[in-house]
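Please model the entire structure based on the sequences and the hints provided.
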Amino acid sequence: NAGVMQNPRHLVRRRGQEARLRCSPMKGHSHVYWYRQLPEEGLKFMVYLQKENIIDESGMPKERFSAEFPKEGPSILRIQQVVRGDSAAYFCASSTADNEQFFGPGTRLTVL
Amino acid sequence: TQLLEQSPQFLSIQEGENLTVYCNSSSVFSSLQWYRQEPGEGPVLLVTVVTGGEVKKLKRLTFQFGDARKDSSLHITAAQPGDTGLYLCAGARNFGNEKLTFGTGTRLTIIP
Chain A
1 NAGVMQNPRH LVRRRGQEAR LRCSPMKGHS HVYWYRQLPE EGLKFMVYLQ
51 KENIIDESGM PKERFSAEFP KEGPSILRIQ QVVRGDSAAY FCASSTADNE
101 QFFGPGTRLT VL
Chain B
1001 TQLLEQSPQF LSIQEGENLT VYCNSSSVFS SLQWYRQEPG EGPVLLVTVV
1051 TGGEVKKLKR LTFQFGDARK DSSLHITAAQ PGDTGLYLCA GARNFGNEKL
1101 TFGTGTRLTI IP
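Top line first, the protein sequences correspond to chains A and B. Position 34 of the first sequence, counted from 1, bears residue number 34 in this note's numbering, the numbering being contiguous throughout. Heads up, this note's numbering is the position in the second sequence plus 1000, with the first residue counted as 1.
By construction, these hints were calculated from the structure, which means they are not laboratory data. Treat the hints with care, since some could be wrong.
Taking beta-carbon pairs under 7 Å as the criterion, some of the chain B residues facing chain A (in silico) [said to hold, decoys possible]:
(1) GLU1041
(2) GLY1042
(3) LEU1045
(4) THR1048
(5) GLY1052
(6) LYS1099
(7) PHE1102
(8) THR1104
(9) GLY1105
Positions of the beta carbon are idealized from the N, C-alpha and C atoms, including for glycine.
See the structure below:
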C-alpha cells in the first residue's frame, strides 16, 4: 500500500537549466496538489490538478512554472530556466474526492 | 489571503510536561488538519477536525476545533522525546478537495 511517491528526492541544477519534479499519487487518488516550502518558511500552495485538468493554479508563479497530470503517468512540475530563488522543497499531496491530503517525501531542489 | 498563525513558534520543554500549541485565524475554515513534519520528510497527517467545538484524541494528543471554526489547539500530555518535531496546522475552505493554507509552524523539542 504505497504512499505518495516523489522523485527525485534531491535535484541539483545550475541557473538557466530546467527542473522536472515527478509525483505519483497514492493508488486510487485522482487529485494532486503541489506545495513549495522555502527555507525557514511554511508550505505554500502552488497548484491543484485532477487527471488532465488544472483546477486551481492561483499559487503558481506566472512565468517559468508549469504543471500537468496526464491520463497516464505521474504528475509533473516543471520549472524552466531555474534561478537561485527556486531552491526549495517541493511537496506533492494526493487525495480522493472529499478527503484528506497525504503528502509525499518531497523533492529538494538546489540551484547553483 | 487567509493566514493561520501558530503559537508558540518554538517550544522546548522537559519530558513528562504538558503543552498546548495554538492555531489562530480571522477566517473560517470548513476543516482543519494537523500535521507533523520531520526534517527531510513530508508532513504526516495527524488528525482532521470538521465540526465547530469538535475534540479528537490520539493517544496523548488532544485536538480541538474552535466553535467558530477559526482556531484550533493541540494539547500534548506527558510529552516524550518522540514528540519532537515541527507541528503544522492547515485549513481548507471546502472539506478535502481544496488547497490547504498552512500555519507558520511550531517547532517542538522535548528534552529527555
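Quick rundown of the hints versus the structure:
no. : hint    : in the structure
1   : GLU1041 : holds, 6 Å
2   : GLY1042 : holds, 4 Å
3   : LEU1045 : holds, 6 Å
4   : THR1048 : holds, 5 Å
5   : GLY1052 : violated, 19 Å
6   : LYS1099 : holds, 4 Å
7   : PHE1102 : holds, 4 Å
8   : THR1104 : holds, 5 Å
9   : GLY1105 : holds, 6 Å
The structure fails hint 5 only (numbered hints given earlier).
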